[in-house]
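Undergrad: Once you've looked at the hints, dock chain B against the given chain A.
Protein chains in written order, with the numbering used here: chain A, 5 to 169; chain B, -17 to 118.
Quick caveat, the hints were computed from the structure, so don't treat them as lab data. Be a bit skeptical, because a hint or two may be false.
Stated by the list, open to error - Partial list, derived from the structure: chain B residues whose beta carbon lies under 8 angstroms from chain A:
#	residue
1	L3
2	Q7
3	S81
Here a beta-carbon is modelled for each residue, glycine too, at the ideal position from N, C-alpha and C.
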Amino acid sequence: MKRKTAKMGLFLAFALILSYVESLIPFYFGVPGIKLGLANLAVILALYQYGWKEALLLNVMRVFLSGFLFGNLFMIMYSLAGALSSFFMMNLLKGIKGYSLAGVSMAGGVFHNIGQIVVAYFVTKTAGIIFYLPALLISGILTGLLIGLLAEEIIRHTRKEPMGE
Amino acid sequence: MGLKKNDKYFMILSLTAAASLFLWQRYAKPQEGVMAVVERNGEIIGHYSLDDGQRIVFEEEGYGRNVLMIRDGKAYMEEADCPDKLCVKQKPVEKYGESIICLPHRLVIRITGGEAGDTDAVVGALKLSDEIKPSG
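Excised from the complex, chain A in its bound form (with noise of 0.2 angstroms):
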């Protein structure tokens, strides 16, 4: 149980830090809302070393934190929409036989792009934006199946050395 608080703590760090890269990167498409999404490879690989209870749990904090450390009120909002649309889904096809980690994780960038477009209709009442969804859907493709990639290669050479437990 101490072990795995200490484990948890470790990963939580880790979302924050990959959070602060990200907000580092200038990376910027002409489309407000696409991003790396980097701090979901903490999420995903704790999904899939642990269980969802503590990725989620993961997740809602490194969103809160990350917020209050390099953002603000109005981006939480944003985030936590994304994070939470984006981890029921994953949640969902995780459980679904014929998805591979790496194609869980495509599926959250999706989830994660629509989940904010969602609310971002509902903040600006602008059915206009509406117009920037094809590029975040493509972007989320890409993001969520590079990321995805990248916790297929970290889970395969930390198996050695199994993070769980």
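TA: Chain B alone, transformed into the frame defined by chain A:
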């Protein structure tokens, strides 16, 4: 790559959704994105798509009441309790750069957004205002 069958289905589904959405925006709705921005005292207090017909009531202490109607891709002031009612008399606006102004209530409705060709509209609007200035 370790992608499995369902991964690929999901990817194809998402790509299809993105492509069809993109095509739909491009061709079915050329006017997509034209908006009415509402400002009071220079501060934006709301924006509304001209694609959705709606009736918006603006009522604020010290400023009175204005009712903005959006219908058939055009915006106009339906009613107002300002003394001169110039805003109500103004014809509906729909093109980039056009505006309705209710001076007594410090309310400005501006049309923004829209795609290619807007620069011409802006230039046109600027020219028009230049022409008006010397005479008025």
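Undergrad: Could you run down the list of hints and mark each one as holding or not?
TA: Hint by hint, here is what the structure shows:
Restraint check, B:L3 versus chain A: the minimum CB separation of about 5 angstroms is within 8 angstroms; hint holds. Checking B:Q7 against chain A by beta carbon gives a least distance of about 6 angstroms; that is within 8 angstroms, so the hint holds. For B:S81, the interface hint is violated, the least distance from its beta-carbon to any beta-carbon of chain A being 19 angstroms, above 8 angstroms.
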